[in-house]
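K.L.:
Letter by letter, the chains look like this.
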Amino acid sequence: SQTIHQWPATLVQPVGSPLSLECTVEGTSNPNLYWYRQAAGRGLQLLFYSVGIGQISSEVPQNLSASRPQDRQFILSSKKLLLSDSGFYLCAWKTSGISSEQYFGPGTRLTVT
Amino acid sequence: SQQGEEDPQALSIQEGENATMNCSYKTSINNLQWYRQNSGRGLVHLILIRSNEREKHSGRLRVTLDTSKKSSSLLITASRAADTASYFCATDQKHNFNKFYFGSGTKLNVKP
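One line per chain: the protein sequences are A and B, in this order. Using our numbering, the letters of the first sequence map in sequence onto residues 73 to 185. Using our numbering, the letters of the second sequence map in sequence onto residues 661 to 772.
Honestly, I wouldn't trust all of these hints.
[Unchecked claim] FRET-style restraints, in silico, Cβ to Cβ:
{"#": "1", "chain 1": "B", "residue 1": "Ala738", "chain 2": "A", "residue 2": "Pro141", "range": "43 to 51 angstroms"}
{"#": "2", "chain 1": "B", "residue 1": "Glu675", "chain 2": "A", "residue 2": "Ser137", "range": "42 to 50 angstroms"}
{"#": "3", "chain 1": "B", "residue 1": "Gln674", "chain 2": "A", "residue 2": "Lys152", "range": "45 to 53 angstroms"}
[Said to hold, decoys possible] A few chain A positions that, by computed beta-carbon distances, are all more than 10 angstroms from chain B:
{"#": "4", "residue": "Thr96"}
{"#": "5", "residue": "Arg144"}
{"#": "6", "residue": "Leu154"}
{"#": "7", "residue": "Ser156"}
It is worth saying that the hints were derived from the structure and are not from the lab. Just so it is clear, CB atoms sit at the ideal spot from N, CA and C, and this is done for glycine as well.
Could you build the full structure based on these sequences and the hints that come with them?
P.N.:
Now the structure itself:
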């Protein structure tokens, strides 16, 4: 069966520090991968998605970037964090194809101080 | 632009009652999905309904889709305290089934 991992679960970082969040998927090949951010009490905002290695689509101009160095690895990064980067970051995957479900990881709670 | 929007924003019911949540969206879709999120956790996939389907069931869940009104509803029958969570709908777009848009969710509280 497929599983998705995210780490760390929680992170407290000072303003101006770098960020690296990692997401890996097991049990599937060539998944579509996604990064979302959720503000407190709100819905999910799509940040990036990838349909293959090295292929990244950015949805919202911001202080973040994403990379997909391996088929089942998706990394969210920032060179210098802002206070507004605080939030709950969720990674998700789905198989390619028009009607497939999207599955989420446990999330990372980021607090920028 | 944002696709799915849920209604109501919050719903409080007694255990055993039914809970109905609605989702409206703006543009043509291929699929609509419903998710549950317990506080501080990741999202759990509940059900996917295709644009050519009108109704789908899974256990105590019933989802309907009306593409002419661009709306969907999620019905949870015989609710339990464990159903307390936020519920989100997510839509893709007809021309891009790889992108998903989420609403702000309905916060359901089931009182024991």
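K.L.:
Now look at each hint and say whether the structure bears it out.
P.N.:
Status of each hint after checking the structure:
1. Under the hint 43 to 51 angstroms, the C-beta atoms of Ala738 of chain B and Pro141 of chain A, about 47 angstroms apart, fit the expected range.
2. Separated by about 46 angstroms at the C-beta atoms, Glu675 of chain B and Ser137 of chain A satisfy the suggested range of 42 to 50 angstroms.
3. The supplied range of 45 to 53 angstroms is met by Gln674 of chain B and Lys152 of chain A, whose beta-carbon atoms lie about 50 angstroms from each other.
4. No beta-carbon of chain B is positioned within 10 angstroms of the beta-carbon of Thr96 of chain A; the least distance is around 15 angstroms.
5. Distance check for Arg144 of chain A against chain B: the nearest CB is about 17 angstroms away, which clears 10 angstroms, and the non-interface claim stands.
6. No Cβ of chain B approaches the Cβ of Leu154 of chain A within 10 angstroms, the least distance being about 23 angstroms, so the stated non-interface status holds.
7. A cut-off of 10 angstroms between C-beta atoms confirms that Ser156 of chain A is not in contact with chain B; the least separation is 19 angstroms.
The structure agrees with every numbered hint stated previously.
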